[in-house]
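Peer 1: So the chains spell out like this:
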Amino acid sequence: MTERPSSAIKLFDHLRAIGTGIKYLFLPRMTVRYPEEVMKLPDGYRGMIKYHKEICISCGLCAQICPANAMKMYLEGESQTSEGKAKVKRRPGINYTRCIFCGFCVDICPTGALEHVGIHDVAFDSFEAQLFKPKDFEKGPPVVEYERPPKLVRSKMDLRRGIIYEPAD
Amino acid sequence: MMNLMDLLKWIINLVFSPWLFVPLIFPGLVTVFIVILFIIWFERKLAAKVQLRYGPLYVLKQLGGAIQLVADLLRYLFAEPIIPESADKLAFMLGPIFLFAASYIPTVAIPVSKSFYAFRSDISLLISLGLLTFGPAITLITGWASNDKFSLIGGLREGYLTMAYEIPLFISALSMAALYGTMDLIEIVESQVGWKWGLFLNPIAAITFLILALMSTSRFPFEIVEAESEIVMGPFTEYSGILYGLTMGASYVKFYVLCLLFSIMFLGGWKPVPKFLSWSPIAPGVILLLKSLAIMVLGVFMRAVYPRYRIDQALRMGWHIILPMSIGSVFLSLGLLLWGVVS
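Chains S and H are the protein sequences, given in the same order. By the numbering used here, the letter at position 32 of the first sequence is numbered 19, and the numbering carries on one by one without gaps. In the numbering used here, each number is its position in the second sequence, counted from 1, plus 9.
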């Protein structure tokens, strides 16, 4: 049997709770108002992936390491050319509905044909548009268009208030 | 031409005659809608500010999203009200309409100033409180008519809570009636002279009445009937479209009526009217409205502070703490009368 605090103490606690609410009413907000303010991304941010076709050696390691099965190798090129020789190459394609942005494919690529770019805020019209076959993949990730140029902000730890945002540069 | 002017004059006289103005414009229907649109927006803004975010912002950005609720209302108006196959259709459709009406009808008994009221009765406090008690019964009916487990549980919760809050609500209101020696709301206001507001004379009754107003309109921390994380939307789970909008508005309207009664009984009603405004016929009404809006803001602020009580905790609070407190407020009123603090 636990002891209940008396009603007077409880009333004091209620008043303290309301006081805390009123205190928070006057603290500054934490929101990043996204389309107008955009976070400045740090170096090495794991955003969407850019593919350099010319240095890819078609080893397929990226597809093997991918933990979410987002990266897949596709057959590309003609199977029968005029010389009668097969010129089929395997090229990676990525499915952004599955990608978890872990960056394993970038790390394992022996020639550095894959790299992260600082783009993460893209909206797609359809489910199929998020599947990047090798032909689309080599064109690079889509470009984000804002209505007007956004203000860049940077996050910062504040001992008293937690995360705060200050204008970058 | 003269006839037209006469007609216009007649219409204006009709609209501004108290028995039409009070139920339809102030404090009745039109004011009710404006108050709902304001207070729900303000509730969301307050809760957002306490949680360090913005709340509604992008609908009319200059005023901080002030007409967000107009957009919501339009959405509710044009959404399809779906009536479940297995529901009791008549009760299901009429429930929200009756609920809204039952919440707003008590405004007819509330006077706006010393000389402006729909009708004068020596029991107008009892009339307005009594008319408010239709609401819970209709909530129970809607909960049953939806033929849905969440609705039924929500309706039963409302039934339990009604038992816990209605008796102390009446007792604490009647303790004030005993203190002033009348149940006429106009005389209640007129007998609060100078500093002798009901809040200072009988603070126990004021606290009790405020807590019970929160409990009876399912504001936090007593949002038990419509507990969204437990039983979806309580008795109103199956509703959609404008029928749902009415059920959501009804609790705010009831809270508005209770706040009007609170400011009449405890905050001196339309008094004091400042000297330089005493010529104006609308000043008392505006003062009454501002007082009750302040109480409403305090009530909706609780959403940002409190979690939800369990049903047994709320019932225990109602029966073990609030009921003795309300009986105590009766004795305090009788003591004040005996000591001659009020005559």
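In case anyone wonders, no lab produced these hints; they're calculated from the structure. Please note that the accuracy of each hint is not assured.
Unchecked claim - From the structure, some residues in chain S lie toward chain H, with a derived Cβ separation under 8 angstroms:
hint, residue
1, Ala4
2, Gly8
3, Leu12
4, Arg16
5, Met17
6, Thr18
7, Val19
8, Tyr21
9, Val25
What the hints assert, rightly or not - Distance condition first, Cα-Cα at most 30 angstroms in a straight line; then the derived DSSO-like pairs of lysine-lysine:
hint, chain 1, residue 1, chain 2, residue 2
10, S, Lys(-3), S, Lys59
11, H, Lys300, S, Lys10
12, H, Lys300, S, Lys143
Everything numeric in this text was worked out from a predicted model, so none of it was measured. Idealized CB from N, CA, C, for every residue including glycine.
Peer 1: Please flag the earlier hints that this structure goes against, numbers listed from lowest up.
Peer 2: Hints 7, 8, 9, 10, 12 not satisfied by this model.
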